[in-house]
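Chains as they are written, first to last, in the working numbering: chain A, 5 to 213; chain B, 5 to 213.
Honestly, I wouldn't trust all of these hints.
Identical chains share a label here; the pair holds if one copy fits it or two copies do between them.
Said to hold, decoys possible - DSS-like cross-link-like pairs, simulated, lysine-lysine; straight-line CA separation at most 25 Å:
| # | residue 1 | residue 2 |
| --- | --- | --- |
| 1 | K137 | K177 |
| 2 | K212 | K177 |
| 3 | K78 | K50 |
| 4 | K50 | K27 |
| 5 | K78 | K137 |
| 6 | K32 | K62 |
| 7 | K152 | K126 |
| 8 | K78 | K199 |
| 9 | K27 | K147 |
| 10 | K27 | K212 |
| 11 | K199 | K126 |
| 12 | K60 | K152 |
| 13 | K27 | K78 |
| 14 | K126 | K93 |
| 15 | K27 | K126 |
| 16 | K199 | K60 |
| 17 | K60 | K137 |
| 18 | K32 | K126 |
| 19 | K50 | K93 |
| 20 | K151 | K62 |
| 21 | K212 | K152 |
Note that these hints are calculated values from the structure, not bench results.
2 protein chains.
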Amino acid sequence: MDNKKSEEKKPDTEALIFEAAKKVFGMKGMAGARMQEIADEAGINKALLHYYFRTKEKLFEAVFTAIFQSFFPKAMSIMVNPEISFRDKIEKFTTVYISLIQENPYIPGFMLHQLSTGGTEKIVNLFRESGIKPDFFFQQVEKEIQKKTISSVNPMHLIVNMISMCIFPFIGKPFLSTFLFQDAEAYDQFLEERKKEVPRFIINSIQKT
Amino acid sequence: MDNKKSEEKKPDTEALIFEAAKKVFGMKGMAGARMQEIADEAGINKALLHYYFRTKEKLFEAVFTAIFQSFFPKAMSIMVNPEISFRDKIEKFTTVYISLIQENPYIPGFMLHQLSTGGTEKIVNLFRESGIKPDFFFQQVEKEIQKKTISSVNPMHLIVNMISMCIFPFIGKPFLSTFLFQDAEAYDQFLEERKKEVPRFIINSIQKT
DNA sequence: GTCTATACGGTGATAGAC
DNA sequence: GTCTATCACCGTATAGAC
Numbered sequence: 005m006d007n008k009k010s011e012e013k014k015p016d017t018e019a020l021i022f023e024a025a026k027k028v029f030g031m032k033g034m035a036g037a038r039m040q041e042i043a044d045e046a047g048i049n050k051a052l053l054h055y056y057f058r059t060k061e062k063l064f065e066a067v068f069t070a071i072f073q074s075f076f077p078k079a080m081s082i083m084v085n086p087e088i089s090f091r092d093k094i095e096k097f098t099t100v101y102i103s104l105i106q107e108n109p110y111i112p113g114f115m116l117h118q119l120s121t122g123g124t125e126k127i128v129n130l131f132r133e134s135g136i137k138p139d140f141f142f143q144q145v146e147k148e149i150q151k152k153t154i155s156s157v158n159p160m161h162l163i164v165n166m167i168s169m170c171i172f173p174f175i176g177k178p179f180l181s182t183f184l185f186q187d188a189e190a191y192d193q194f195l196e197e198r199k200k201e202v203p204r205f206i207i208n209s210i211q212k213t
Numbered sequence: 005m006d007n008k009k010s011e012e013k014k015p016d017t018e019a020l021i022f023e024a025a026k027k028v029f030g031m032k033g034m035a036g037a038r039m040q041e042i043a044d045e046a047g048i049n050k051a052l053l054h055y056y057f058r059t060k061e062k063l064f065e066a067v068f069t070a071i072f073q074s075f076f077p078k079a080m081s082i083m084v085n086p087e088i089s090f091r092d093k094i095e096k097f098t099t100v101y102i103s104l105i106q107e108n109p110y111i112p113g114f115m116l117h118q119l120s121t122g123g124t125e126k127i128v129n130l131f132r133e134s135g136i137k138p139d140f141f142f143q144q145v146e147k148e149i150q151k152k153t154i155s156s157v158n159p160m161h162l163i164v165n166m167i168s169m170c171i172f173p174f175i176g177k178p179f180l181s182t183f184l185f186q187d188a189e190a191y192d193q194f195l196e197e198r199k200k201e202v203p204r205f206i207i208n209s210i211q212k213t
């Protein structure tokens, strides 16, 4: 993998470390991860980790920030885009959200550990920096209610329901894939189905009949 | 707190440790928790932890098992109870589920860490031991579909949706309470509302009109 | 049963050769 | 930039007095 034109994309140790850290931190969490394991995963030496990222904490923060920014703004920008109709919004959001996590399986692990360990400040800051204001979505919901196109729902609950149904299947993967599915393939298919099922479920619930 | 009749309920060091461990493990996870912190929380000495539970891992397992058994069977038994109508089942399940976690705030933290750390075997075993068969619920869904009382839904997605909407608000508490709510009180009220909102949301979605 | 003191291993981090 | 060797610390676990 080293034989490309060395000009254009050297195997870039930093990126190797980054990927390895994603994986290990995502699986074990900040506290459970071991620098040694990350080094092994990256196929390099432990000391090199400290050469690129001075400390474990800095490495974690770097990876966490990157992960967060790689998905959160993308998903949220859909919700606050004035050009997308309300109904499309729900469909797009769920689909994109699920797809994004499928592509970056470490996201839920990161979020979880970060949340349940109480390290909320970083998330809060990243969120603030992203400049996203959920208010617009709430206003759009209210507008739809006034237009009588949907039944009267509390926007808070609606958005929490939406996020819940998108993200939980990933969190609960080991659990679900043990009890509800035969193999990994069945689980993957289940996720694919959800891209249609979840928006349908939501729209069925709130649409005026 | 020691001045009760020493016969009836001595302050029971073991129970103290158990409670402290619940709290610390729930917040920090197995890897992040420190025996010292548990000892402090229990107001006793570090060595005593090892006297009662030989190792950190044994302590964790004991607490995890107790937590699991204190809520899972109770919630699930509702789902497979043939005497409860389908509609009541959804209402009862969501209400009981949310209430149970409200009373034992450490449950989500435990589950999360256990899930995301990959220690699924314990959960699988505990689940097996509980003797619960989710099949009955699935059958009941199919029956309702045949009776045309609900629209054609995939039972898998239905139950995953239900669990998602119940449990995620707890997982995401730090996040939600930062962005959507002013204070802890508002968050608590939100949870109370959900006991009505979630079943309503589900039933609205699947009922035949 | 409960404490203090200590042994022991693991882990993050650094020094220094190449 | 990358490695080997090593340090210093922290955290689990045990020994032993009371």
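Now the hints, each set against the structure:
no.: 1; hint: K137 to K177; verdict: between (30 Å within a copy, 19 Å between copies)
no.: 2; hint: K212 to K177; verdict: neither (34 Å within a copy, 31 Å between copies)
no.: 3; hint: K78 to K50; verdict: neither (34 Å within a copy, 47 Å between copies)
no.: 4; hint: K50 to K27; verdict: within (16 Å within a copy, 34 Å between copies)
no.: 5; hint: K78 to K137; verdict: within (13 Å within a copy, 40 Å between copies)
no.: 6; hint: K32 to K62; verdict: both (17 Å within a copy, 19 Å between copies)
no.: 7; hint: K152 to K126; verdict: neither (40 Å within a copy, 49 Å between copies)
no.: 8; hint: K78 to K199; verdict: within (17 Å within a copy, 31 Å between copies)
no.: 9; hint: K27 to K147; verdict: neither (42 Å within a copy, 43 Å between copies)
no.: 10; hint: K27 to K212; verdict: neither (44 Å within a copy, 45 Å between copies)
no.: 11; hint: K199 to K126; verdict: neither (30 Å within a copy, 31 Å between copies)
no.: 12; hint: K60 to K152; verdict: neither (53 Å within a copy, 57 Å between copies)
no.: 13; hint: K27 to K78; verdict: within (21 Å within a copy, 35 Å between copies)
no.: 14; hint: K126 to K93; verdict: neither (28 Å within a copy, 40 Å between copies)
no.: 15; hint: K27 to K126; verdict: both (20 Å within a copy, 23 Å between copies)
no.: 16; hint: K199 to K60; verdict: neither (37 Å within a copy, 42 Å between copies)
no.: 17; hint: K60 to K137; verdict: neither (32 Å within a copy, 44 Å between copies)
no.: 18; hint: K32 to K126; verdict: both (19 Å within a copy, 17 Å between copies)
no.: 19; hint: K50 to K93; verdict: neither (45 Å within a copy, 54 Å between copies)
no.: 20; hint: K151 to K62; verdict: neither (50 Å within a copy, 59 Å between copies)
no.: 21; hint: K212 to K152; verdict: both (7 Å within a copy, 20 Å between copies)
Comparing the model with each earlier hint shows violations of hints 2, 3, 7, 9, 10, 11, 12, 14, 16, 17, 19, 20; every other hint is respected.
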